[in-house]
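A.B. asks: Sequence:
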Amino acid sequence: KVHSEITGICDKVTKSDEESIEYCKSLLSYWPSNWREKPPIIEIGDSPYRKEEELLDIVPFDLSKGYDMHKIIALIADGGIFVESKDVFAPSVITGFARIGGQSVGIVASNPAVNLGALDMDTSDKQARFIRFCDAFNIPLVFLADTIGFLPDINKQAMGLERHGAKVMYAISEATVPKITIYIRNCSNYGDLAFGNEQLGCDIAFAWPTCQIGKITDFAQFYTKGLDMDKMRAAVEKYNTIYNAANRLLFSDIIDPRDSRATLFKALTWLENKKEDRPWRKHGNIPL
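Just so it is clear: in the sequence shown, position 47 is 51 by the working numbering, and no numbers are missing.
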């Protein structure tokens with residue numbers, strides 16, 4: 005329990021040796037044999053262009069209401085199969101492996117069912133570790149974002165929240181595998197940086213019509229500046245819209261939620277032969 009829920013060292017707790025072996029087998033089926041190879045393509049007859057009407061009913065319009073992101077992942081993945089890693093550690097972020105049109109992908113998703121997908125030191129370590137693993141073995145990354153982001157907390161800041169959060173951004177910007185993001189609903193308090201925006205090096209980002217991308221949602225700080233709270237809220241409601249975000253080129257396209265699976269498959273196909281050359285160096289300097 006200590007290493008699965010608190011430290012995050014353990015990836016999976018099972019009830020038996022047999023279950024552990026089966027879990028390891030399922031993981032290995034998504035990975036290549038070594039870093040020089042691409043992940044295996046295994047098709048199960050699930051059309052990559054399958055539309056899911058149910059995706060229209062999962063996400064509440066009220067930003068204060070949570071929902072389980074696992075439901076969206078299951079509807080997007082081939083056969084609804086998702087092999088999760090570190091499922092009980094930092095549960096407001098989900099990491100694991102799935103296939104889309106037979107292609108292996110690593111999924112990094114916020115989970116609004118847990119603290120509205122809030123980000124902290126543990127979620128940052130979990131994300132950065134998973135992103136770097138996928139990049140090491142040529143596994144494309146798919147980000148699904150719906151998070152209230154990094155909440156201002158003096159205690160967490162004193163423990164190094166910014167330093168830990170920087171690990172995620174470093175890992176995303178350093179990764180050379182295909183990186184695709186879908187903004188689902190809320191992406192505030194720098195949550196877009198933690199789920200790969202195009203400015204940080206994401207290859208392509210999409211947004212659902214329900215999406216709001218903003219930097220700050222906690223208006224309490226404006227009291228100290230003597231600003232009119234009603235005017236601030238009115239300004240946010242006016243400018244923090246999906247179309248204003250599109251005008252600022254924060255993503256490439258607004259998509260129908262039902263087409264999410266097909267959109268991801270097309271993007272993976274476009275990026276299939278992606279090659280990103282970097283200048284030689286001994287190694288990077290991740291903010292540990």
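Bear in mind the hints are in silico, worked out from the structure with no lab data behind them. It cannot be assumed that every hint is accurate.
Unchecked claim - Think about it this way: if two alpha-carbon atoms lie no more than 27 Å apart in a straight line, the pair counts; the simulated DSSO-like pairs of lysine-lysine are:
| id | residue 1 | residue 2 |
| --- | --- | --- |
| 1 | 69 | 19 |
| 2 | 75 | 279 |
| 3 | 16 | 29 |
Stated by the list, open to error - Derived DEER-like restraints, expressed as beta-carbon distance ranges:
| id | residue 1 | residue 2 | range |
| --- | --- | --- | --- |
| 4 | 273 | 8 | 28 to 38 Å |
| 5 | 64 | 247 | 48 to 58 Å |
| 6 | 68 | 285 | 17 to 27 Å |
For every residue, glycine included, the Cβ atom is placed at its ideal position computed from N, Cα and C.
A.B. asks: Keeping to a limit of 27 Å between CA atoms, is the pair of residue 69 and residue 19 held or broken?
C.D. replies: Violated, at about 33 Å.
A.B. asks: Under the criterion that the straight-line Cα-Cα distance not exceed 27 Å, is the pair residue 16, residue 29 satisfied?
C.D. replies: 13 Å, holds
A.B. asks: With 17 to 27 Å as the target window, see if residue 68 and residue 285 comply at their CB atoms.
C.D. replies: 45 Å, violated
A.B. asks: Keeping to a limit of 27 Å between CA atoms, is the pair of residue 75 and residue 279 held or broken?
C.D. replies: Measuring from Cα to Cα gives roughly 33 Å; hence the hint is violated.
A.B. asks: When you take the CB atoms of residue 64 and residue 247, is the distance between them in 48 to 58 Å?
C.D. replies: 21 Å, violated
A.B. asks: Take a look at whether the Cβ-Cβ distance between residue 273 and residue 8 falls inside 28 to 38 Å.
C.D. replies: Since residue 273 and residue 8 have Cβ atoms about 36 Å apart, the given range 28 to 38 Å holds.
Consistency note: the structure conflicts with the earlier hints numbered 1, 2, 5 and 6.
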